[in-house]
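Trainee: These are the residues of each chain, in order.
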Amino acid sequence: MTLPGSYESGPVASQTVAAAHDVAAEATAVPARRRASLRQWELFFLLLPMLLLIVLIFDLPILNAAYWSISDPKTGALTLGHFRDFLDSTAYLRIIWRTFFLSLEVTAATILLGYPLAYWATKLPPRWRIVVLGLVVTTFWVSILVRTYAWIVILGSAGLINRLLMWAGVVSRPIEFLYNEFGILVGMTNVLLPFLVLPLFAAMMRVDMRLLQVAETLGASRFRIFWQVFFPLTLPTLAASAILVFILSLGFYITPAVLGGGRVPLVANMMDLLINRFARWETAAVVSVVLMVVTLSLYAVYQWLREKNA
Amino acid sequence: MKKYLGNFALLCTVSLLAMPVQAQEVKELHVMHSGGEYGDALHKCVEEQLLKEAGIKVVAETPGGFAKMQAQATSGVITNATTDGSTGDLYRLIAADLLEPIDWAKLNPQPMFDEAKHEYGFGAQYYSTIMAWRSDVPAPRNFVDFFDTEKFAGRRVLPDYPEFVLAFAAMGDGMTPEEVSKGLDLDRAFKTLERVKDDTIWWQSGAQPAQLLKDQEAQYAIAWSGRVADQEGVSYSFNQGMLDISWWMVAKGISDEQRDMLYRWIQAQSVPENQKCLVEVIPYPGASPDLEKMVPEDLAKTFPTYSENKKVQWLINGKWWHDNAAEVERRWNEFKLLQ
Numbered sequence: 001m002t003l004p005g006s007y008e009s010g011p012v013a014s015q016t017v018a019a020a021h022d023v024a025a026e027a028t029a030v031p032a033r034r035r036a037s038l039r040q041w042e043l044f045f046l047l048l049p050m051l052l053l054i055v056l057i058f059d060l061p062i063l064n065a066a067y068w069s070i071s072d073p074k075t076g077a078l079t080l081g082h083f084r085d086f087l088d089s090t091a092y093l094r095i096i097w098r099t100f101f102l103s104l105e106v107t108a109a110t111i112l113l114g115y116p117l118a119y120w121a122t123k124l125p126p127r128w129r130i131v132v133l134g135l136v137v138t139t140f141w142v143s144i145l146v147r148t149y150a151w152i153v154i155l156g157s158a159g160l161i162n163r164l165l166m167w168a169g170v171v172s173r174p175i176e177f178l179y180n181e182f183g184i185l186v187g188m189t190n191v192l193l194p195f196l197v198l199p200l201f202a203a204m205m206r207v208d209m210r211l212l213q214v215a216e217t218l219g220a221s222r223f224r225i226f227w228q229v230f231f232p233l234t235l236p237t238l239a240a241s242a243i244l245v246f247i248l249s250l251g252f253y254i255t256p257a258v259l260g261g262g263r264v265p266l267v268a269n270m271m272d273l274l275i276n277r278f279a280r281w282e283t284a285a286v287v288s289v290v291l292m293v294v295t296l297s298l299y300a301v302y303q304w305l306r307e308k309n310a
Numbered sequence: 001m002k003k004y005l006g007n008f009a010l011l012c013t014v015s016l017l018a019m020p021v022q023a024q025e026v027k028e029l030h031v032m033h034s035g036g037e038y039g040d041a042l043h044k045c046v047e048e049q050l051l052k053e054a055g056i057k058v059v060a061e062t063p064g065g066f067a068k069m070q071a072q073a074t075s076g077v078i079t080n081a082t083t084d085g086s087t088g089d090l091y092r093l094i095a096a097d098l099l100e101p102i103d104w105a106k107l108n109p110q111p112m113f114d115e116a117k118h119e120y121g122f123g124a125q126y127y128s129t130i131m132a133w134r135s136d137v138p139a140p141r142n143f144v145d146f147f148d149t150e151k152f153a154g155r156r157v158l159p160d161y162p163e164f165v166l167a168f169a170a171m172g173d174g175m176t177p178e179e180v181s182k183g184l185d186l187d188r189a190f191k192t193l194e195r196v197k198d199d200t201i202w203w204q205s206g207a208q209p210a211q212l213l214k215d216q217e218a219q220y221a222i223a224w225s226g227r228v229a230d231q232e233g234v235s236y237s238f239n240q241g242m243l244d245i246s247w248w249m250v251a252k253g254i255s256d257e258q259r260d261m262l263y264r265w266i267q268a269q270s271v272p273e274n275q276k277c278l279v280e281v282i283p284y285p286g287a288s289p290d291l292e293k294m295v296p297e298d299l300a301k302t303f304p305t306y307s308e309n310k311k312v313q314w315l316i317n318g319k320w321w322h323d324n325a326a327e328v329e330r331r332w333n334e335f336k337l338l339q
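Chains A and B, in that order, are what the protein sequence lines are.
Taken in order, the first sequence gives residues 1 to 310; the numbers are from my numbering.
Taken in order, the second sequence gives residues 1 to 339; the numbers are from my numbering.
Isolated chain A, as found in the complex (with noise of 0.2 Å):
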């Protein structure tokens, strides 16, 4: 199976294909390379129109916006003015720490929820799997709208849990649950659950199993099987959802626009004003530059805590 440049893997029917290349290359080894050099323009040329959709369409406008942010809107010239502008004013870096910090705070609650969740479904029966599974894929169905204002209907002020705790005597006024960062943290992590949850559940499926037997036999205790063997082995895809809950957190606008009662402001909210209100593409564009910086640097410091543990 091991063919100079063959990109067949995995998939059963292909590796009687596979096979019949093996031979081939056997027989003759030059023309394999050959050929797997002309395999290698094919992919290329395959790859092609993905690529130049990628640059094109998202790539270039993405260096055009941050060429904005350091030029004069009306000559064209070189300016760092509008970093002074975004400097001078404290709102925007306030918005920009705060959303960073309620991103970990949401990866934080997502964590905590969805690691026992996924491996609570691992230990099921395989029929109520399936139900388990089911229902974190079903909230992917519903329009995040719908679902944001559901929230409402449960945590609102004359919403369920307030009903409940106001009948049953244990508060005098409902709790604000909504229209505060609480709010928006339930709305979030109820809505990113799911990217954590399956890639969790995928990989602790395939953890080996005989691992755990063999640290049982060898005496440790069913808590140190678990922190030595099982956890590490399902950290690195734990730690990449987490990674993509973050990310995908710090862009949210619906979200804290309903939940947050507009007095939450984020970074998203910030650029619906400063780019559809005020017409202040500039500004944005400065803003979506520092914001791609940190994300960027944070990514990078990440690969490296990963490569240096590896």
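Don't read these hints as lab results, they were simulated from the structure.
Do not rely on the hints blindly, as some may be mistaken.
To be verified - Capping the alpha-carbon separation at 30 Å, the derived lysine-lysine pairs in DSS-like fashion look like this:
{"no.": "1", "chain 1": "B", "residue 1": "LYS68", "chain 2": "A", "residue 2": "LYS74"}
{"no.": "2", "chain 1": "A", "residue 1": "LYS74", "chain 2": "B", "residue 2": "LYS319"}
{"no.": "3", "chain 1": "A", "residue 1": "LYS74", "chain 2": "B", "residue 2": "LYS252"}
Following the hints, put chain B in place on chain A, whose structure we already have.
Mentor: Here is chain B on its own, set in the frame of chain A:
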């Protein structure tokens, strides 16, 4: 049999050949507006007829507004011939030199109120920003009451738009409607907002205030009249409300062909029968003086322009908003982003 088949094939070929010709005859007019129910109403009451009679197909982009007009002017390709907008938008667009004046002689609309005929804008609809409240809480009489969170306890839902909330906040600190229609004292407005902000939810979409009142998330709201009229369990008053006009404004640099189509589309909106059709979908009346007589009294009473309603309101001072735009933006940013 063969002959029939041959004829059928010929018919197919002819119709195929004819199709592109027919497609060419339908011309497209690109416009921008706030969409939703209003877009559906325009389609039903104005645009279907226009397609049938003049072969003009209207393609709408939603929403419109200042930033999009500026964007298309900067790009040099004027895709959309018009946008809707408030009086504040109108002055802002004029100052940015993004509009062309309306040729009223060429447009030749049916009779309409004078205040709805601006050099740069066709007044399409009247709308008001007014106070509303849950029917089970004490009713405020004016905006001093409205912002009195002690006597009138409960949460407020306020517009997340400076233009639609600051004047009321200034009135909450004791300014009179006559004073705010000349220009407002921003210090007094923000003083009120600072006082009530912990009891406030901010809305961005016009449908939110009525929904939040119904869900008991809030007790008092400042909302657009058409969104709170006729909602069960919600009371409202036009008293001290802010009357404004939604304008159609023509983008500078459109082709003569686009302008001809656009004027036909706008002209059709000045016809009282079409305005009646529109107002049955969304209760923001057009500027025809005949409209009020054509609709049932019950509906007319919900109009911001109904004489009883109009006389207790004040007309927004678009010029003040334009002249003070930078200051308003700075103060609003400070207030909103630093909370």
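Trainee: So, for every hint listed, does it hold in this structure?
Mentor: Verification of the hints:
| no. | hint | verdict |
| --- | --- | --- |
| 1 | B:LYS68 / A:LYS74 | 17 Å, holds |
| 2 | A:LYS74 / B:LYS319 | 25 Å, holds |
| 3 | A:LYS74 / B:LYS252 | 18 Å, holds |
The structure is consistent with each of the numbered hints, conforming to all of them.
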